[in-house]
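Engineer: In order, the protein sequence lines correspond to chains Y and U.
Using the numbering used here, the letters of the first sequence map in sequence onto residues 1 to 113.
Using the numbering used here, the letters of the second sequence map in sequence onto residues 1 to 113.
A couple of the hints might just be wrong.
[Said to hold, decoys possible] As a list, the in silico SDA-like pairs of lysine to any residue whose alpha-carbon atoms are at most 25 Å apart: (1) K95/U with K15/Y; (2) K68/U with L48/U; (3) K69/U with H82/U; (4) K15/Y with A54/Y; (5) K57/Y with K68/U; (6) K95/U with K11/Y; (7) K42/U with S53/Y; (8) K58/U with T72/U; (9) K42/U with S62/Y; (10) K42/U with G16/Y; (11) K42/U with K58/U; (12) K57/Y with D99/U; (13) K95/U with R69/Y; (14) K11/Y with Q45/U; (15) K42/U with R22/Y; (16) K58/U with K15/Y; (17) K42/U with F103/Y; (18) K57/Y with S26/U; (19) K42/U with R64/Y; (20) K95/U with E44/Y; (21) K69/U with D99/Y; (22) K49/U with Q97/Y; (23) K58/U with E101/Y; (24) K49/U with S26/U; (25) K42/U with T72/U; (26) K57/Y with Y29/U; (27) K42/U with T78/Y.
Bear in mind the hints are in silico, worked out from the structure with no lab data behind them.
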Amino acid sequence: GAGVSQSPSNKVTEKGKDVELRCDPISGHTALYWYRQRLGQGLEFLIYFQGNSAPDKSGLPSDRFSAERTGESVSTLTIQRTQQEDSAVYLCASSRQGDTEAFFGQGTRLTVV
Amino acid sequence: AQSVTQLDSHVSVSEGTPVLLRCNYSSSYSPSLFWYVQHPNKGLQLLLKYTSAATLVKGINGFEAEFKKSETSFHLTKPSAHMSDAAEYFCVVSKSSGDKLTFGTGTRLAVRP
Chain Y
1 GAGVSQSPSN KVTEKGKDVE LRCDPISGHT ALYWYRQRLG QGLEFLIYFQ
51 GNSAPDKSGL PSDRFSAERT GESVSTLTIQ RTQQEDSAVY LCASSRQGDT
101 EAFFGQGTRL TVV
Chain U
1 AQSVTQLDSH VSVSEGTPVL LRCNYSSSYS PSLFWYVQHP NKGLQLLLKY
51 TSAATLVKGI NGFEAEFKKS ETSFHLTKPS AHMSDAAEYF CVVSKSSGDK
101 LTFGTGTRLA VRP
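Please work from the sequences and hints to get the whole structure.
Structural biologist: Here it is as structure tokens:
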């Protein structure tokens, strides 16, 4: 596709369940980012993948959060044992190597009930 | 480390009057700076970016921003506000060599008829 694709667009889950969020970056983009945006707030950095380098995981809020990326393609953000404070929109973005301009997906709205 | 401070959480202007959204940055490196816009229920869109070329950067929809190293500022301006400019605006900083994007807390722009 032409842009960054995220799925699902909406997810409602029960507290304590695990969830997986998917991001398909723009083809050829080596960098991939995950951000979280709580209602009415700014974007909170979670994790950053750049090519074959070790990912920057410094923004992951707890060990319940993890992310993987297969090569330079799809990434999955996993949240284990979800809590109500995990409710937010999770945004994925990608960019070309050496280019800091990032293109964002529409996000996954996660609601933990 | 790098950070941005958006000095106003809310700005309200009348249609046809100038817009000024303020942003100050802190960076240990020569930074790349961006402004993104987020319309309600829509994804993030890049307005403009500064990457050490011209200090006055022109973006889409008539917006521009000036990089002032002496003031560590990157304020966003537009000569004449339009109703469609009502949105959330984020100032963003990154290392010029490519790194994670650090977002400000956002400024909500309201445009009065």
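Engineer: If a hint holds in the structure, say so; if it doesn't, say that too.
Structural biologist: Comparing the hints with the structure gives:
1. K95/U with K15/Y: Measuring from Cα to Cα gives roughly 38 Å; hence the hint is violated.
2. K68/U with L48/U: holds, 15 Å
3. K69/U with H82/U: violated, 30 Å
4. K15/Y with A54/Y: Not satisfied, since the Cα-Cα distance of roughly 31 Å exceeds 25 Å.
5. K57/Y with K68/U: violated, 32 Å
6. K95/U with K11/Y: Violated, at about 34 Å.
7. K42/U with S53/Y: violated, 31 Å
8. K58/U with T72/U: holds, 18 Å
9. K42/U with S62/Y: Roughly 28 Å between the alpha carbons, so the hint for K42/U and S62/Y is violated.
10. K42/U with G16/Y: This hinted pair is violated, its Cα atoms lying about 29 Å apart.
11. K42/U with K58/U: holds, 23 Å
12. K57/Y with D99/U: holds, 12 Å
13. K95/U with R69/Y: holds, 23 Å
14. K11/Y with Q45/U: Roughly 23 Å separates the two Cα atoms, so the pair holds.
15. K42/U with R22/Y: With a Cα-Cα distance of about 19 Å, the restraint between K42/U and R22/Y holds, given a limit of 25 Å.
16. K58/U with K15/Y: violated, 46 Å
17. K42/U with F103/Y: Holds, at about 13 Å.
18. K57/Y with S26/U: Holds, at about 22 Å.
19. K42/U with R64/Y: violated, 28 Å
20. K95/U with E44/Y: Holds, because 17 Å separates the two Cα atoms, which is no more than 25 Å.
21. K69/U with D99/Y: The hint holds at about 21 Å.
22. K49/U with Q97/Y: The hint holds at about 16 Å.
23. K58/U with E101/Y: holds, 15 Å
24. K49/U with S26/U: holds, 16 Å
25. K42/U with T72/U: violated, 30 Å
26. K57/Y with Y29/U: It holds: about 21 Å lies between the C-alpha atoms, which stays within 25 Å.
27. K42/U with T78/Y: holds, 24 Å
When held up to the earlier numbered hints, the structure conflicts with 1, 3, 4, 5, 6, 7, 9, 10, 16, 19 and 25 and fits the remainder.
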